[in-house]
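Visitor: Here are the chains, one letter per residue:
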Amino acid sequence: MMQTLFQEKLHVLNVGLASFAESIVKAGGTALQIEWAPPAQGQQNVARALAQLVNRPSVEAANRTAFDLYQSSQPILRDIGIASEMLPNMGNRMILHGGPPIAWQNMCGPMKGAILGAILYEGWAKDTAGATALAAGGDIVFEPCHHHAAVGPMAGVISPSMPVWMVVDTAHNRPSFSNFNEGLGQVLRFGANGPDVIDRLRWIEQTLAPTLRAGIEILGGIDLKPLMAQALHMGDEVHNRNVAASSLLLKRLITALLKTQASSPDIAAAVDFVAGNDHFFLNLSMAACKAMLDAAQGVPGSSMVTAMARNGVEFGIRVSGMGERWFTAPAPIVDGLFFPGFTMADAAPDLGDSAITETAGVGGFAMAAAPAIVKFVGGAPQDAIDNTMAMAHITIGCNEAFTLPPMNFAGSPAGIDIRKVVDTGILPIINTGIAHREAGVGQIGAGITRAPLACFTQAVSALAARVCGTR
Amino acid sequence: MARATKVIRNFYHDSVSLMQLSSMFAQLPGVEQAAAIMASANNINLLKEAGLVAGTVEAGANDLLIALQGSAEALDAALAAAESTLKQSASTAGQGTSRTIAPRSLEMGLANMVEGNLAVISTPGEYAAAEAFKALRLGLHVMLFSDNVQLQDEIALKQFARDRDLIVMGPECGTAVINGVPLAFANVVTRGTIGVVAASGTGLQQVICLIDRWGQGISQAIGTGSHDLHRAVGGISMLQGLKALAADRSTSVIVLISKPPDSEVAEHVLEAAGKAGKPVVVNFLGADPARIRRPNVFPADTLEDAAKAAVALAEGRPPDPAQPAGFLHAVPFTCTPGQRYIRGLYSGGTFCYEASLLLKKNVGRIYSNTPVEPADRLHDGWTSREHTVIDLGDDRFTRGRPHPMIDHRLRNERILKEAADPQVAVIVLDIVLGYGSHPDPAGELAPVLHQATGLARKAGRQLAVIGFVCGTASDPQGLSTQEDTLRGAGMILAESNAQAVRMAAAVVAGQTGMSS
Chain A
1 MMQTLFQEKL
11 HVLNVGLASF
21 AESIVKAGGT
31 ALQIEWAPPA
41 QGQQNVARAL
51 AQLVNRPSVE
61 AANRTAFDLY
71 QSSQPILRDI
81 GIASEMLPNM
91 GNRMILHGGP
101 PIAWQNMCGP
111 MKGAILGAIL
121 YEGWAKDTAG
131 ATALAAGGDI
141 VFEPCHHHAA
151 VGPMAGVISP
161 SMPVWMVVDT
171 AHNRPSFSNF
181 NEGLGQVLRF
191 GANGPDVIDR
201 LRWIEQTLAP
211 TLRAGIEILG
221 GIDLKPLMAQ
231 ALHMGDEVHN
241 RNVAASSLLL
251 KRLITALLKT
261 QASSPDIAAA
271 VDFVAGNDHF
281 FLNLSMAACK
291 AMLDAAQGVP
301 GSSMVTAMAR
311 NGVEFGIRVS
321 GMGERWFTAP
331 APIVDGLFFP
341 GFTMADAAPD
351 LGDSAITETA
361 GVGGFAMAAA
371 PAIVKFVGGA
381 PQDAIDNTMA
391 MAHITIGCNE
401 AFTLPPMNFA
411 GSPAGIDIRK
421 VVDTGILPII
431 NTGIAHREAG
441 VGQIGAGITR
451 APLACFTQAV
461 SALAARVCGT
471 R
Chain B
1 MARATKVIRN
11 FYHDSVSLMQ
21 LSSMFAQLPG
31 VEQAAAIMAS
41 ANNINLLKEA
51 GLVAGTVEAG
61 ANDLLIALQG
71 SAEALDAALA
81 AAESTLKQSA
91 STAGQGTSRT
101 IAPRSLEMGL
111 ANMVEGNLAV
121 ISTPGEYAAA
131 EAFKALRLGL
141 HVMLFSDNVQ
151 LQDEIALKQF
161 ARDRDLIVMG
171 PECGTAVING
181 VPLAFANVVT
191 RGTIGVVAAS
201 GTGLQQVICL
211 IDRWGQGISQ
221 AIGTGSHDLH
231 RAVGGISMLQ
241 GLKALAADRS
251 TSVIVLISKP
261 PDSEVAEHVL
271 EAAGKAGKPV
281 VVNFLGADPA
291 RIRRPNVFPA
301 DTLEDAAKAA
311 VALAEGRPPD
321 PAQPAGFLHA
331 VPFTCTPGQR
341 YIRGLYSGGT
351 FCYEASLLLK
361 KNVGRIYSNT
371 PVEPADRLHD
381 GWTSREHTVI
391 DLGDDRFTRG
401 RPHPMIDHRL
411 RNERILKEAA
421 DPQVAVIVLD
431 IVLGYGSHPD
441 PAGELAPVLH
451 QATGLARKAG
461 RQLAVIGFVC
471 GTASDPQGLS
481 TQEDTLRGAG
491 MILAESNAQA
501 VRMAAAVVAG
511 QTGMSS
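Quick note, the sequences are listed as chains A and B, same order.
At position 386 of the first sequence (counting the first as 1) the number is 386 in the numbering used here, and the numbers step up by one without a gap.
At position 491 of the second sequence (counting the first as 1) the number is 491 in the numbering used here, and the numbers step up by one without a gap.
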């Protein structure tokens, strides 16, 4: 009631003319100037939709529920299996890809190259010409990994006979999956599909996967959250830097591997492969993040983002309270640092499911833990801390499991809130690799990018219509 | 195109920092392409493919290799620069500085100022309703300065606020004083026991300044926005303000101010005023006092009367409606026969409206851009006709330029134009002080007044310029300094708009008497 205001000291939040705040202070009052700009770059309908959602009790309650589900998730690496047997609703002539849905003819170069490689790997065609005809012929179904409880970096291609990691969220008894990381250079996820690539995939299927599977069986599973938390204390942000996490994983596996029936040469080859790939853990980090966010998916009214993913053409997000729907915008070109001989002109637009890590509060959101990463944009360690602090303004809470030493062991900001993104104009930060726009060239750089605002403005409008009824 | 390489032995850098260095070296003068890598066989092959290295390089995986391609004469200097960059100490390498982000939304602001209890919103009108809704949802009272807010939004905002025990002051609320803090265009007044609720910004300023001038003070001054007493809005904010002041122990007298309200809404407000449990002075401009008067509710004809009544009640005296409504001292002035008309040039809309009302009673038909009677509308606001009062704060005059309380140019031009008119006897001006107004309005006006009276004198006329300063001794501009300057420039000063208008009427009446 207004008369209680009369008993308090007046504290003014000033939106608009800065001189009003100045004169309040001059007259002995207290005022804070808001650095206001028209929300959603001046889209009035979005501004109004947002105004209906800000601090709305039903949305706040839904977000608490969604965030608790996310936080209580316990992803455990449980098994390794074959995609066609493990993934829900995986068809026999289906190929999964990174990002939101996209038709063959619209796919970017690296994704097309990866799909051709997968067709060759499956033996559905003899050469790339045959594979191209098959892919264009409509005989093969293309669907996002995300539609099958899975995630894959870059092209994110998973075909029926590929081995997959199976992670189980034991708190909610829900599985999630990812493919295997092939290392750097000529690899399928960047669209390479030559004989070396296919041979490596076969080796992963026939040797690496069964060997590691036996080790995991002996261990009974590996609890992924503590491992990721430890890696965050060792300079990883478990998206673009996984050297610590990969080492920790290997440390857990080695003794178990030695206890299996696997042959010494196989164990040696497996250990050598994992040890030689600093990004080996990335796919597990992604599957763990997918598990945590799937736990939070589908809470009616919640404005929490449960997926951010890119297919090299479009950037898409999903929101807990909006079900399976994707909100998409053109994928940005990442402005980062490039390997010798490459420039931004060679880059494919942002690609892959790996932004699931940022969605789960690690990656760019935990950058304070990984100051080395900030060098991608020529920054200093303080910039890493600033980035993490900025993300705290657009998130629902902090993940207690993921503490950040440079932030005085505060939890990493997590649970992106579409309302806060649109209200502040602060866009989620993503650490990412950069693929060449042509198939098979591979990674040409890495950098830091931002999720496009348009995904969030559409989601805000849609959520307001659902929660409040259309106005 | 030339190439150059440099090997630095046993100088390990991780690949990320090397990528950063590579891009830095590529920016050096005369350099086309650059790479800094650990010189493993693989990496050297990469550089060969990129055309940066030709032939063999004697280096190993623990050695750092710098390879540059560019114009021959620039490469030596570039290599040297690159090497010195590599070897600079950590303390001189780029230092980051922590940037806490300034709050970009009300919610973010509230995280920084958890005690926040009022949002003052002055964004462009098309975004203002959305910001106000956010503020209310965050539990903040709202002062909505913005204009161009749709009526349906105003109604929705006020109903939403009322349901949550919050108030929306506005839209188009230009002024308020809450807990002694002047907000937006407001005067610095002494705190006291008189509470004001006003649907008119300058009306509010006039009343609180006169109360201050006459030795009493203000507990709270609440603006409601000028549409609050429309039928569709129903006086929601005025009723809330009235209720809050009625319950406020620091308030002994309440003043309500509005331009003519909807009659049903007015009755509703007056009924509530009668139950306030403390005296309520009501100035609904142009209303019939008989319809207002009831136990504990006192009608006031003018803003000045309202202030006077409130001061009397606060001092335990009865309000004195019997006091003669005349001017307090004679105006020493002689008109030439042709000088017949009054021209009021106002920056405050309510002053202009009040002038119309008072002059209509005393001198007859008054033309205006904001007339009391629709028939008296001035078709061309830029040109006066007979008795004319102009609200220069009207949209038509403020389009593309600041409000006349801030920017005096338009009014200054108009003063000279009126002074040149041989039929003009009196010019009436308001001078509004306080935060948000011009830092020295008297200083702006004085030379123009000299010029105007000089112009008339040259033409053989005497021109009366009557004005009043709406301000207080504590205002940043200072009441007495401003009055001294104006008096020095020949202005005849009144204390209030009502007094100024009555003086003007007397001048014209005297003139009429002479010529008839």
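A hint or two may mislead.
[Said to hold, decoys possible] In silico lysine to aspartate or glutamate, EDC-like type, Cα no more than 20 Å apart, as pairs:
1. B/LYS361 x B/ASP376
2. B/LYS48 x A/ASP127
3. A/LYS26 x A/GLU60
4. B/LYS243 x A/ASP199
5. A/LYS9 x B/ASP376
6. A/LYS9 x B/ASP248
7. B/LYS417 x B/ASP380
8. A/LYS9 x A/GLU22
9. A/LYS26 x B/ASP440
10. A/LYS9 x B/ASP380
[What the hints assert, rightly or not] Just so you have them, the derived chain A footprint on chain B, three or more residues with Cβ under 8 Å:
11. 32-43
12. 247-257
13. 291-302
Please keep in mind that the hints were generated in silico from the structure rather than gathered at the bench.
Keep in mind the model is a prediction, meaning the values are calculated, not measured.
Yeah, the Cβ is synthetic: ideal placement off N, Cα and C, and Gly gets one too.
Visitor: Take the hints in turn and mark each one as holding or not.
Guide: Structure-based check of all given hints:
no.	hint	result
1	B/LYS361 x B/ASP376	14 Å, holds
2	B/LYS48 x A/ASP127	30 Å, violated
3	A/LYS26 x A/GLU60	37 Å, violated
4	B/LYS243 x A/ASP199	82 Å, violated
5	A/LYS9 x B/ASP376	47 Å, violated
6	A/LYS9 x B/ASP248	15 Å, holds
7	B/LYS417 x B/ASP380	15 Å, holds
8	A/LYS9 x A/GLU22	17 Å, holds
9	A/LYS26 x B/ASP440	17 Å, holds
10	A/LYS9 x B/ASP380	48 Å, violated
11	32-43	holds (count 4)
12	247-257	holds (count 3)
13	291-302	violated (count 0)
The earlier numbered hints that this structure contradicts are 2, 3, 4, 5, 10, 13.
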